[in-house]
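**Q** From first to last, the protein sequence lines are chains A and B.
Everything in the first sequence is counted per the working numbering, starting at 1 for the first residue and increasing by one.
Everything in the second sequence is counted per the working numbering, starting at 1 for the first residue and increasing by one.
Source of the hints: derived by calculation from the structure; they are not laboratory data.
There may be inaccurate statements among the hints.
[As the list claims (entries may be wrong)] To be clear about the criterion: a stretch of chain B counts as covered by chain A if any three or more of its residues have a C-beta under 8 Å from a C-beta of chain A, and this derived list gives those stretches:
1. 38-49
2. 104-110
[Unchecked claim] Using C-beta positions, here's what the derived DEER-type ranges look like:
3. A:57 / B:72: 17 to 25 Å
4. A:69 / B:62: 53 to 61 Å
5. B:87 / A:151: 41 to 49 Å
6. A:74 / B:90: 54 to 62 Å
7. A:74 / B:75: 51 to 59 Å
8. B:100 / A:121: 44 to 52 Å
9. B:96 / A:176: 53 to 61 Å
10. B:75 / A:7: 25 to 33 Å
11. B:197 / A:403: 15 to 23 Å
12. B:96 / A:67: 55 to 63 Å
No residue lacks a Cβ here, since even glycine has one placed at the ideal position from N, Cα and C.
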Amino acid sequence: MLQRVLNSAGIDVRSCAELLGFNPDMFVQWAANPNQIPQSVVPLLSAVLSVPQSLFTTSPKAAKHLKDEDVTPQIWYKFRGEGLQESDREYVVLIRQIGHFLNELEEVTRQKSVQWKTLFESIRSAVDIQAPPTEQGKAAARIFRQSTSLAHGASGSGNVLRGLLRALGVLVVESPLANSRIEGCCFYVGSTNSPRPCVFANSHHTTWFRRNVILVHEVGHAIFEHLAGASLDFSGVGNSHDSIELRAQAFAQETLIPKEVLFHAAQSRGIKWSALNEYALACLVADTHVEQKLVVSAAIDYGFVESERQDQLNSFEIHGELLKLSDHALSTEQFLEKNGESTSDWIGKRTTTLLPKAIRLPIGYVNAVVDAYRNRQISPGKAAEYLLIDEQELAERFGDIYENVEY
Amino acid sequence: MPNPPLLLCDSDALVQLFIANNLRPLQSLKSTYHIQPSIVLEVDIELRWMKKYKSRFVPQLDKALKNGVLTKLDPSAFQSLLSTATPGMSWGNFQALGQRYELVVQRGEAYTHAAAVSLGLPAMSNDGKAVLTLTGQMMAVAAPVLRLFDLLVFSHDNGLLSTKECDDIRSELLNNGEGLPGPFQNASFVNGAKTFPCRLKSGAAANGPFPQPANHYDPLTICP
Numbered sequence: 001m002l003q004r005v006l007n008s009a010g011i012d013v014r015s016c017a018e019l020l021g022f023n024p025d026m027f028v029q030w031a032a033n034p035n036q037i038p039q040s041v042v043p044l045l046s047a048v049l050s051v052p053q054s055l056f057t058t059s060p061k062a063a064k065h066l067k068d069e070d071v072t073p074q075i076w077y078k079f080r081g082e083g084l085q086e087s088d089r090e091y092v093v094l095i096r097q098i099g100h101f102l103n104e105l106e107e108v109t110r111q112k113s114v115q116w117k118t119l120f121e122s123i124r125s126a127v128d129i130q131a132p133p134t135e136q137g138k139a140a141a142r143i144f145r146q147s148t149s150l151a152h153g154a155s156g157s158g159n160v161l162r163g164l165l166r167a168l169g170v171l172v173v174e175s176p177l178a179n180s181r182i183e184g185c186c187f188y189v190g191s192t193n194s195p196r197p198c199v200f201a202n203s204h205h206t207t208w209f210r211r212n213v214i215l216v217h218e219v220g221h222a223i224f225e226h227l228a229g230a231s232l233d234f235s236g237v238g239n240s241h242d243s244i245e246l247r248a249q250a251f252a253q254e255t256l257i258p259k260e261v262l263f264h265a266a267q268s269r270g271i272k273w274s275a276l277n278e279y280a281l282a283c284l285v286a287d288t289h290v291e292q293k294l295v296v297s298a299a300i301d302y303g304f305v306e307s308e309r310q311d312q313l314n315s316f317e318i319h320g321e322l323l324k325l326s327d328h329a330l331s332t333e334q335f336l337e338k339n340g341e342s343t344s345d346w347i348g349k350r351t352t353t354l355l356p357k358a359i360r361l362p363i364g365y366v367n368a369v370v371d372a373y374r375n376r377q378i379s380p381g382k383a384a385e386y387l388l389i390d391e392q393e394l395a396e397r398f399g400d401i402y403e404n405v406e407y
Numbered sequence: 001m002p003n004p005p006l007l008l009c010d011s012d013a014l015v016q017l018f019i020a021n022n023l024r025p026l027q028s029l030k031s032t033y034h035i036q037p038s039i040v041l042e043v044d045i046e047l048r049w050m051k052k053y054k055s056r057f058v059p060q061l062d063k064a065l066k067n068g069v070l071t072k073l074d075p076s077a078f079q080s081l082l083s084t085a086t087p088g089m090s091w092g093n094f095q096a097l098g099q100r101y102e103l104v105v106q107r108g109e110a111y112t113h114a115a116a117v118s119l120g121l122p123a124m125s126n127d128g129k130a131v132l133t134l135t136g137q138m139m140a141v142a143a144p145v146l147r148l149f150d151l152l153v154f155s156h157d158n159g160l161l162s163t164k165e166c167d168d169i170r171s172e173l174l175n176n177g178e179g180l181p182g183p184f185q186n187a188s189f190v191n192g193a194k195t196f197p198c199r200l201k202s203g204a205a206a207n208g209p210f211p212q213p214a215n216h217y218d219p220l221t222i223c224p
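Please model the entire structure based on the sequences and the hints provided.
**A** Structure, rendered in structure tokens:
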């Protein structure tokens with residue numbers, strides 16, 4: 001049964017084994033004979049592959065009567081599609097593993113947050129499903145802002161966005177996938193009876209301003225496409241006529257840069273819409289925390305700028321001005337140089353080293369693991385396992401709280 | 001009290017014996033003291049794929065399992081030990097306990113301690129930090145928890161391993177970057193053993209009964 005699930009998901013058995021820390025030969029045997037899988041491993045496999053635990057105990061006789069569509073989890077229908085590579089699916093396996101770890105960690109620390117569930121449900125029930133997609137997205141965004149701290153001010157929310165999503169219980173992952181076409185995606189992680197939404201933004205060659213939009217766009221998908229298994233957005237592919245994409249994009253715009261935020265940003269800088277130049281546009285991007293394209297699109301939508309100017313404004317080269325206005329426009333190296341932070345503090349401590357593929361873990365997740373370790377709620381070995389590094393590296397990165405303790 | 005029927009071994013202790021390529025201390029436990037070194041299924045999984053060593057120990061593990069130096073604590077072996085376990089204990093209860101422990105420590109040590117607690121058996125694990133984390137969370141651990149060097153000192157003191165063999169094992173572990181107990185880090189085996197509080201002792205049956213270990217650090221006395 002395991003073999004069929006892996007086949008249907010388009011995941012290589014041996015690669016999957018290595019990603020999950022199992023001997024590939026043993027994993028091949030498990031794939032052929034699931035009754036050899038120890039009970040203790042089933043929750044992890046179930047969570048990572050998105051199949052109910054009961055599927056692993058299905059007898060070979062009963063399994064024969066099941067069709068592939070009976071065993072293929074919804075998420076893998078999307079991730080085995082055209083344009084996706086094996087490495088994309090392997091990253092999904094890794095991220096789903098992190099989702100499983102996060103659920104375990106929250107069980108130990110008793111800090112489980114499922115606020116997303118009620119918020120998403122209230123949004124879905126309040127939005128008119130017959131309204132145009134952009135109206136649905138905007139209506140959802142208004143509820144989202146009102147239900148969170150975003151509505152409390154009229155300034156950009158990029159700085160609080162990730163923390164807010166984490167507090168809701170959403171897993172936020174930003175990591176560079178250099179060879180992937182995926183720009184952003186969302187899917188649910190965790191066991192089938194304890195799911196949580198995960199939003200992912202590919203940080204390879206994208207700006208912080210762009211990623212803010214991607215993340216919220218993906219939250220829009222998580223709210224509305226919760227039964228779809230996964231939503232994928234590829235770089236360079238416009239979906240301006242796809243109703244699902246229109247709704248998600250309207251959600252992102254109205255959440256991040258509603259009229260009052262854009263109006264306030266322009267007013268506080270004394271910007272005249274009719275005389276919008278590179279510097280003024282850079283100011284608006286710096287203050288609203290969203291990319292240039294979305295600022296222009298929002299300004300047109302709210303009637304501040306004529307639609308005829310869209311191409312001209314989008315073609316403005318604002319990067320030079322933006323660099324002077326916002327640290328978020330700096331590359332990692334520029335930021336470190338300017339702020340004098342050591343590289344290890346910023347990147348090294350979040351990067352996995354044990355797997356064939358390195359991934360940059362979310363700050364909130366790393367902090368949760370390290371806090372649990374420092375509070376002695378989990379052992380150093382467990383903390384290292386959660387951070388996908390070895391125990392010695394854990395001590396080097398975060399200190400050894402048991403140093404010189406004999407037991 | 002008779003010797004415990006099993007010693008549940010964790011991955012880290014066995015890895016050190018595999019690195020030293022010397023399983024004689026385990027063989028002696030079995031042949032002389034009738035204590036069968038055993039592993040839970042989760043340790044078997046860990047030993048077959050280590051983060052650092054990958055599949056390096058699979059041949060040694062398979063050989064040890066084949067010649068009976070090690071056995072696996074599978075459901076039938078677990079069942080056969082239930083007569084001395086706490087009433088109501090079952091494979092399911094053991095698995096549930098292991099699952100709880102696994103939230104706090106790694107899988108191998110979680111199920112090793114869970115099995116030891118469930119069946120009232122000693123365990124061998126070098127991961128003192130895991131033991132301290134579990135006890136800090138008010139979770140019971142094996143009594144006692146032997147470290148590999150308890151077994152080595154015991155084997156040395158009882159003539160099962162020579163001083164040279166013990167020094168060779170110590171050197172091999174150091175060369176492989178393996179952790180050693182404090183007293184052995186900068187001292188020869190014999191000098192280290194002088195200040196190492198060994199938790200495994202040999203006694204004569206006629207001098208018994210010996211105190212039963214109640215804590216992970218209490219010594220266990222076994223008789224040939």
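**Q** Okay, which hints does this one fail, numbers in order?
**A** Those not satisfied are hints 4, 5, 6, 7, 8, 9, 12.
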